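Asker: Single-letter residue listing:
2 protein chains.
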Amino acid sequence: MNQDRNEQPTQLDTPYLRLDKAQFLHNVLRLRQRMESHGVALRPHLKTVRSVEATHYVLPEKHSPATVSTLKEAEVLAASGYREFIYAVGITASKLPRIQSLLLGGVDIAVILDSVEQAKLVAAFCQKSGCVIPALIELDCDGHRGGIRSDSLLLVEIAHILQRGGAEFRGVLTHAGESYFCQSEQELAAAAKQEVACARRAAKMLADNRIECRVVSVGSTPTAFSGEEYDGITEVRAGVYCFFDLVMAKVGVCEPSDIALSVVTSVIGHNVEKGWLIVDAGWMALSSDPGLSSADEKDSFGLVSDVNGNLVEGLRVSQLNQEHGIIEHEKGQFDLSLLPVGTQLRILPNHACATASMHQTYHVVDVDNSTETWQRIQGW
Amino acid sequence: MNQDRNEQPTQLDTPYLRLDKAQFLHNVLRLRQRMESHGVALRPHLKTVRSVEATHYVLPEKHSPATVSTLKEAEVLAASGYREFIYAVGITASKLPRIQSLLLGGVDIAVILDSVEQAKLVAAFCQKSGCVIPALIELDCDGHRGGIRSDSLLLVEIAHILQRGGAEFRGVLTHAGESYFCQSEQELAAAAKQEVACARRAAKMLADNRIECRVVSVGSTPTAFSGEEYDGITEVRAGVYCFFDLVMAKVGVCEPSDIALSVVTSVIGHNVEKGWLIVDAGWMALSSDPGLSSADEKDSFGLVSDVNGNLVEGLRVSQLNQEHGIIEHEKGQFDLSLLPVGTQLRILPNHACATASMHQTYHVVDVDNSTETWQRIQGW
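Here the protein sequences come in this chain order: B and Z.
Just add 4 to the spot in the first sequence (first one is 1) and you have the numbering used here.
Just add 4 to the spot in the second sequence (first one is 1) and you have the numbering used here.
There's no promise every hint is true.
Any copy will do: because identical chains look the same in the list, a pair fits if it lies in one copy or spans two.
Pairs of lysine-lysine residues, derived as DSS-like cross-links and limited to a Cα-Cα distance of at most 30 Å, are as follows [unchecked claim]: (1) K132 - K197; (2) K25 - K132; (3) K278 - K254; (4) K197 - K278.
Quick caveat, the hints were computed from the structure, so don't treat them as lab data.
These numbers were taken from a predicted model, which means no experiment stands behind them.
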């Protein structure tokens, strides 16, 4: 870990990505304790943090289960001693040699798939290579993206293809992607129940066909905070809870004050006529992620706090160019002279995964103002 | 230059950023020749390519003028021998020491500003340090973002503040940011005229007050292809013309076939019920840039071509998650079995600057299928 206790974050050139370490640790602990109290394992999705240093805090041990969205994440984390992954993006034949290398290196990594076609590809690879690739079937619990319905006999067919081919059929996995659009506690609770019910139904159907699911995996940050009953579920996955963001605040699983991540920016100009504050954080620092704004709302690419983290009511990032952001007040004109050129502000992200992805490093600030620089894993 | 003529791009793991070298060189030459025929200098904006290797082709010589959007670009390019920059984002005091270091290293780099406040900051720094910082005043030619109106006496006031403080007042600069929304050749021609007229008016007003503008700088890719008359203009700036993208095709300054940049992706699944093709290029590979889609159009995050670069009519990227893209056909259902899991496709970017910014490297493919890897400059 690259520690530099003399470097003050206010001396860094803007824009930069700031991580409040205490808040990050608080967030990590909050979900860990919730899952412990429910007696179900947590398998954090590391696509949010994408950092070895951050992973040291997110995963309790080197053998703790983790989820990744790229093989690069698994490879870099494996080189740091982590041993237990699900690669949670549908597998293709071209990526199997890298899976094999990881397995040969003593890393447990499972792939996911949702078609006979993919099962045949994996089985053929296992047969040819002698490599026993663990595979999970992705279930569709809410029509969000991909996956197989939990009552489809395809599940049995795919499990058989994998087993016959010398792969390891390990279980089922689902993700309540639609839970990001929940608007009440009732909807969240229902999404969590539906996710669990879907996984359980698939596992039962497979068991009825004498196929064991060692892993029955569910999860998303909204449902991970909303589920109450996990019988038959072996693990819960979630990622963005480590940092939280404005989308999660809108969904209702955190407050804006729980957001550990921000982009520190400087005022670089004023458009007095239009009441615009111009800052040096454009989409290059924030991403263009629109968050969850509905059609009747104005665009917002982030809310604004002062350099100490106090939300400045009424301000929002209304437009982005590559290296320019425009901040407006909901009431139109405001006293721009209160925020002269050079003033530093923090932008709270719509989507922490997307904002963090625009940066190579985290500038991590602890409660005593000591800082560390954490590297983000880059690429695929 | 990292050349590897054995590496075939089809063997790379997807997603990756592919640059068609011949098309890139064609695009670079096209604007260079246009500006040469108009007798005005071209100052390419390197924020698009952000790569030393690409810059070798974009700039004819090490002393050729260039525009940058971050000091990091200037620093990395200066280390490769490039010598002549405008940092085209409003300057703040905290960035002046890095400007000074570049100047002391024999690099010519000018800053831009659009307020008395900033002029005083620059003047104070010059007075204290003895460093003569060249500065341009940013003009507002179309109400796009920042800048001072070309008829404002503030221009004279700011030039005097700079000169008295020991800075070098070097001229004026404007950017027709609204030209991205032009919908006809007439509108483009008008935007180009307005940009030139604005800069010329400001230069004349300053000259009338015995202040010389050594630099009178205009530019944007749409106006750079639309202007016909550059009297009194010393240079034209443009960036995205090097790659082109779907926004520029919509604006009308290129065809989709002129786009040199694409993201190569693999089909990783099908949602047969919904008629969705699922690919391994999400916003992490494409960015979330929405392009120029109007309210009555469906969202599109890119168009789709086959692996040989032939546009597949009717397909568009309709939704993005972190590592997943969803491709739909404009007619709804289509024969997904024609594109089985593992099929490679290319996604043409809405906004080349944004899509390229999601990657660390370009996989550059020449007409003989030889490839090179070019590094992108990262961070600020």
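Asker: Can you give me the call for K197 and K278, within, between, both or neither, at a CA distance of at most 30 Å?
Answerer: So K197 and K278 pass the 30 Å test across copies only (24 Å; inside, 48 Å).
Asker: Have a look at K25 and K132 and pick one of within, between, both or neither, based on CA distance no larger than 30 Å.
Answerer: Neither, since 47 Å and 38 Å both go past 30 Å.
Asker: Using 30 Å as the alpha carbon limit, work out where K278 and K254 are close: within a copy, between copies, both or neither.
Answerer: both (28 Å within a copy, 28 Å between copies)
Asker: With 30 Å as the alpha-carbon cut-off, assign the pair K132 and K197 to within, between, both or neither.
Answerer: neither (41 Å within a copy, 66 Å between copies)
Violated hints, in rising order: 1, 2; the structure is consistent with all others.
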